[in-house]
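The residues making up each chain are set out below.
Number of protein chains: 4
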Amino acid sequence: MPSTHIHRIRVRYCETDRMGLAHHGSYVAWLEEARTEWMRTLGRTYLKMEDDGELLVVADMHIRYLKPATFDDVLQVELRAVERSKVAITIGYELTREPCGTRIASATTKLACVGKDGRIRRLPRELA
Amino acid sequence: MPSTHIHRIRVRYCETDRMGLAHHGSYVAWLEEARTEWMRTLGRTYLKMEDDGELLVVADMHIRYLKPATFDDVLQVELRAVERSKVAITIGYELTREPCGTRIASATTKLACVGKDGRIRRLPRELA
Amino acid sequence: MPSTHIHRIRVRYCETDRMGLAHHGSYVAWLEEARTEWMRTLGRTYLKMEDDGELLVVADMHIRYLKPATFDDVLQVELRAVERSKVAITIGYELTREPCGTRIASATTKLACVGKDGRIRRLPRELA
Amino acid sequence: MPSTHIHRIRVRYCETDRMGLAHHGSYVAWLEEARTEWMRTLGRTYLKMEDDGELLVVADMHIRYLKPATFDDVLQVELRAVERSKVAITIGYELTREPCGTRIASATTKLACVGKDGRIRRLPRELA
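Sequence lines, in order, name chains A, B, C and D.
Per the working numbering, the very first residue in the first sequence carries number 312; after that it's consecutive.
Per the working numbering, the very first residue in the second sequence carries number 312; after that it's consecutive.
Per the working numbering, the very first residue in the third sequence carries number 312; after that it's consecutive.
Per the working numbering, the very first residue in the fourth sequence carries number 312; after that it's consecutive.
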């Protein structure tokens, strides 16, 4: 498993709020998109994992907002696995603004693997 | 079937954008919430309809934006059935700001009924 | 300042995802709506605070997902101030499903006060 | 002004709903992202237009949903100007799924130009 993955997103207009900045809830979608693309590079898409009955549910999410992002910004999301058990993986994220490299946010999400029946099961082999 | 239904929503902060106003995409959720509450008054919730295999998919949506709405506004959504066939219903919506009554938007959504297999089927009896 | 505030939300259809449950990002809007309503009870709306140049920006958000929520669920959001400094307040939230009281999630958000110029300033007196 | 522009998006997980498909409201963000990228190719970004006091507000949006889209689909959004006046432009969109070319949706949005004071003004020269 590659130790890190880098994904880029561009802030959408609808992701801003009346403060003129990206809304703090918009980051959730960016983290999700970044880990979806990371999984694609690991040999099986997350779509396929779900079809195979290996669902990843978010058990914990922590985001620290350092500097604001705004409309049309290009953000780099660098992610890495920071902790693993048999049934869960915690992914860490660092968000920086391109091209200047300003740190925008850091985050972690803990994902637990469950079957279609909702029961905890082992992590997909690509993440284990 | 009652001829009209009135529902109220309050504009959320996250529903605004950097222009300082409610984002045009936010209205979609308000229309959906209004028709969900309307169906509740008809005797079977939309949740129950889905469990019963009667899914309503949006086939057409048209929104005319008349005046801006903004954070914390209370909007009245008045809806009525404006057209029906055996398999589809078109709902019309008028959005006004409270308490002044300023017209904010008008909209229509055409909902087609499908089964869990995705095939067109007759509208639920509550809507027919 | 009241020690706790209770707000209720109903899960919107658009807040669910293909797993059939409320998406983990949807909770962000519920927390925000709950604290907006809490502030309303404190004597000045958050809209007015922003007009007065007292903006609250989210510096940190942490959500622990305990049990899934789904479409049409009514959730109780109970919030309380759990920590305060001169310029920031941390709010804790407990989400339970009604009427059964099942714990759905717990969360904290740290809000820092800034002026229209983006500079840190003292918390609004209602929150201090 | 180029007669058409093509933009690609990938359906995010958070853009789906409990029906297992992309939520009808998610399309709004895709149309917006497509026209933002189109404007970028015209020589001035929409961000710059707003900074210059030329804001585009959506006056009318009409989406026809033809076939469902789902998580991880890549959609091509082809847009073109279909009508113009001195103060407004109507953009037409055709959404197809890649690589098969299945038609997913067609849409129009009418954008009116306003200044920072909210008053109607002439379209930016790039769109006129």
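Calculated from the structure, these hints are not laboratory results.
Just so you know, not all the hints are guaranteed correct.
Stated by the list, open to error - Not close to chain D: a few residues of chain A, all C-beta gaps over 12 Å, as computed: (1) 315; (2) 321; (3) 326; (4) 346; (5) 353; (6) 364; (7) 367; (8) 375; (9) 392; (10) 403; (11) 426; (12) 433.
As the list claims (entries may be wrong) - Partner residues aside, some chain C positions facing chain B, computed with beta carbon under 8 Å: (13) 343; (14) 347; (15) 401.
Said to hold, decoys possible - Short derived list, chain C residues pointing at chain A, Cβ under 10 Å: (16) 329; (17) 335; (18) 338; (19) 366; (20) 373; (21) 375; (22) 403.
Glycine is no exception: its CB is placed at the ideal position from the N, C-alpha and C atoms.
Now for the hints, and whether the structure bears them out:
1. 315: 21 Å, holds
2. 321: Nearest chain D Cβ is 8 Å from residue 321 of chain A, so the label is violated.
3. 326: 8 Å, violated
4. 346: The assertion about residue 346 of chain A is violated, with a minimum of 10 Å to chain D.
5. 353: 15 Å, holds
6. 364: Per Cβ check, residue 364 of chain A is outside 12 Å of chain D; nearest 15 Å; holds.
7. 367: Not fine: 10 Å to the nearest Cβ puts residue 367 of chain A too close to chain D.
8. 375: The assertion about residue 375 of chain A holds, with a minimum of 21 Å to chain D.
9. 392: With a cut-off of 12 Å, residue 392 of chain A remains clear of chain D, as the shortest Cβ separation is near 19 Å.
10. 403: About 19 Å separates residue 403 of chain A from the closest Cβ of chain D, which puts it past 12 Å; holds.
11. 426: About 17 Å separates residue 426 of chain A from the closest Cβ of chain D, which puts it past 12 Å; holds.
12. 433: 21 Å, holds
13. 343: Status holds, d = 6 Å.
14. 347: This hint holds: residue 347 of chain C lies near chain B, its Cβ roughly 6 Å from the closest one there, short of 8 Å.
15. 401: Interface hint status for residue 401 of chain C: violated (18 Å vs cutoff 8 Å).
16. 329: 8 Å, holds
17. 335: At about 4 Å, which falls below the 10 Å cut-off, the nearest Cβ of chain A leaves the hint on residue 335 of chain C intact, so it holds.
18. 338: 9 Å, holds
19. 366: Residue 366 of chain C check passes; min Cβ-Cβ to chain A is 6 Å, inside 10 Å.
20. 373: Because about 4 Å separates residue 373 of chain C from the closest Cβ in chain A, which is inside the 10 Å limit, the hint holds.
21. 375: Where the cut-off is 10 Å and the nearest Cβ of chain A is about 5 Å from residue 375 of chain C, the hint holds.
22. 403: Interface hint status for residue 403 of chain C: violated (14 Å vs cutoff 10 Å).
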